[in-house]
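Undergrad: Got chain R sorted already, so can you dock chain S onto it with the hints?
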Amino acid sequence: MEAKTVDKSELVVPEGSIWGKLHLIGLALAVIGLGAWYAGFGDDPARGYYSYHFGFITTLSLALGCMAFVLIQYLVRAGWSMGIRRIAENGMMTLPVFALLFIPVVLGAHDLFHWTHVESHDKFLKAKAPYLNEGFFYVRAIAYFVLWSLLAAVYYRRSVAQDAGDKKELTKLLVVLSPAGIAIYALSQSFAAFDWLMSLQPHWYSTIFGVYFFAGSMLFTFSFMALVLMGLQRAGALTNVVTTEHYHDIGKFMFGFTVFWAYIGFSQFMLIWYANIPEEVEFYYHRLAHGWEFISWAMPITHFFVPFLFLLSRHVKRNRLGLAVGAVWIIVMHIVDIYWLVLPNFAAHGLKFGEHAPHMHVNMGDFAALIGVFGVFLTVFGFLLNKNLLAASGDPRFEESLGHENY
Amino acid sequence: MSDNKKLYGLLAEYDSASAIYTACEKVRDAGFKKWDSCTPFCVHNLDKAMGVKPSFLPWLVLGMGITGGVSALCFMLWTSVADYPLNIGGKPLWSVPAYIPITFEVTVLFSCLTAAFGMFAICRLPTLNHPLFESERFKKVTDDKFFIIIEAADDNFDLASTRALLEGSGAAHVEEVEGEL
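Just so you know, the protein sequences line up as chains R and S, in that order. Each step along the first sequence adds one to the number in numbering that gives the first Met the number 0, with nothing skipped, and position 265 is 264. Each step along the second sequence adds one to the number in numbering that gives the first Met the number 0, with nothing skipped, and position 20 is 19.
Hints in this document: simulated from the structure, not taken from any laboratory. You may find that some hints are simply not true.
[As the list claims (entries may be wrong)] Restraint-style ranges between C-beta atoms, simulated for each label pair:
{"id": "1", "chain 1": "R", "residue 1": "V335", "chain 2": "S", "residue 2": "V95", "range": "18 to 26 Å"}
{"id": "2", "chain 1": "R", "residue 1": "T243", "chain 2": "S", "residue 2": "D157", "range": "34 to 42 Å"}
{"id": "3", "chain 1": "R", "residue 1": "G290", "chain 2": "S", "residue 2": "V80", "range": "26 to 34 Å"}
{"id": "4", "chain 1": "R", "residue 1": "I102", "chain 2": "S", "residue 2": "V80", "range": "54 to 62 Å"}
{"id": "5", "chain 1": "S", "residue 1": "K47", "chain 2": "R", "residue 2": "V331", "range": "31 to 39 Å"}
{"id": "6", "chain 1": "S", "residue 1": "G88", "chain 2": "R", "residue 2": "G34", "range": "50 to 58 Å"}
{"id": "7", "chain 1": "R", "residue 1": "S148", "chain 2": "S", "residue 2": "K139", "range": "58 to 66 Å"}
{"id": "8", "chain 1": "R", "residue 1": "V335", "chain 2": "S", "residue 2": "P84", "range": "36 to 44 Å"}
{"id": "9", "chain 1": "R", "residue 1": "E404", "chain 2": "S", "residue 2": "N128", "range": "34 to 42 Å"}
{"id": "10", "chain 1": "S", "residue 1": "I87", "chain 2": "R", "residue 2": "E404", "range": "47 to 55 Å"}
{"id": "11", "chain 1": "S", "residue 1": "K52", "chain 2": "R", "residue 2": "G290", "range": "49 to 57 Å"}
{"id": "12", "chain 1": "S", "residue 1": "N128", "chain 2": "R", "residue 2": "D165", "range": "53 to 61 Å"}
{"id": "13", "chain 1": "S", "residue 1": "A163", "chain 2": "R", "residue 2": "R233", "range": "46 to 54 Å"}
{"id": "14", "chain 1": "S", "residue 1": "L158", "chain 2": "R", "residue 2": "R233", "range": "53 to 61 Å"}
[What the hints assert, rightly or not] Using 20 Å as the maximum straight-line C-alpha spacing, the simulated EDC-like pairs for lysine to aspartate or glutamate come out as follows:
{"id": "15", "chain 1": "S", "residue 1": "K32", "chain 2": "S", "residue 2": "E150"}
{"id": "16", "chain 1": "S", "residue 1": "K52", "chain 2": "R", "residue 2": "E404"}
{"id": "17", "chain 1": "R", "residue 1": "K7", "chain 2": "R", "residue 2": "D162"}
{"id": "18", "chain 1": "S", "residue 1": "K90", "chain 2": "R", "residue 2": "E278"}
Quick caveat, the model's predicted, so the values are computed rather than measured. By construction, the Cβ of each residue, glycine as well, lies at the ideal position given by its N, Cα and C atoms.
Same shape as in the complex, but just chain R (with noise of 0.2 Å):
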């Protein structure tokens, strides 16, 4: 193999692309989107902000997912994904604004999450206070933003820092710190999946629910960066760095990932369609029943079956179209997914064992919070997609990125 070279003018958002204004949209978006939640806001608060947790959640599966990506490339060394790293690294920056966008959550407390106001009766919640009380969730939530915060500016500034070209040795640095990152992240993300969202439906518990949280996020993740390289390599941009390999690769992923959501999404399900206990039941009971069960039946074909069957060819995954069809599919699947997971809770407060949750009813609420928290992060991202180079051409492994085949 002949040894690659890649022209800086590569690296930088192409001049005029409507790359260099990501922000811009992101901040129009983030506008519109929170200021159309906001008018409808009045109407019924506590829908509201149900609206806005799972635009919340969405968005920050997938900044969460990108930092996972990140810190696994250390962990293993890998050297393909140098030029495509450093999406997800931006991606992965978004976290500290997270806990700005955190807030409404917090103010909506209340109303997300039943277990804040324990009623003295319920036997469940008394036995679970130690771990579900307000004064302990928030000290949790403070964490959780301060080590993802932590890591992923540990992580950027370095990565950023190679850029010049010089300061090859801090790679060293981030995979000796890599094996604590990823342990730290896996603990964060999981509780963060407790709190937030199993919490929501307080008297359920699964242990596994944060694996079926990542598996999500990875499955976003990966999708999202397979669509930004496509749409930045269409401007000009990264047109010897990233190759039918990365995406290739990216595809095996999404469709590893597919795998995965679906194995632990179904490991969680058959023991508890198992052992058939009343408190376990109840998630599923809620979503089997007024319009969610459309939802809870389609999903294990649309969500696993399509996108299986779909990715499983090698000419499927080198295809950009191929790629790209696959990837807005998985992201609205997992956009429905979360969305299934968040809203059955809504006004199922206080329902006795055997009374369903609410029927099923979207609203405009729901797209214009995920619009909004989403252009938020895309804000930020654009921000850092502009500021910086477009891949971590300093890595020392960037040479072995561009010459990347699979045999």
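TA: Same frame as chain R, but now just chain S:
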């Protein structure tokens, strides 16, 4: 063993990975079908230089995987619903969730066994002896030499012109190999 052995093919020896790489491209472009290269280690992209077509093994694996999954599911349906119905915990007889893990495992089992044994079959393994083993020089293939073998059974094979092609492709040595597979 009779004295007039049949010609198996022409064996060309090369000294380096780059030499065999360009030689493979020449042999590929000459339109040969029944030929192969043997190297002491994996030379990346040599399959492209040889113009190796994608294997049909994946389709076999897909077909057998589906066969395995469907037959496992049908078998459980038959045993639990038709042949020997048992009431387990009051669950319906036809309880798909309970059958999924086994369906999954059997799908994987059929796929893996097909992949492994299909590969054996396509590579015609086990082959207990091979005419190439008669060549003293070929023993270096596990050490530091690279070889191309063009079979006499190939339609394009012609002793004189094929030898000229191999010699012109940078071969350090070309010899005739006799014997039958």
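Undergrad: Failing hints, ascending?
TA: No numbers; nothing is violated.
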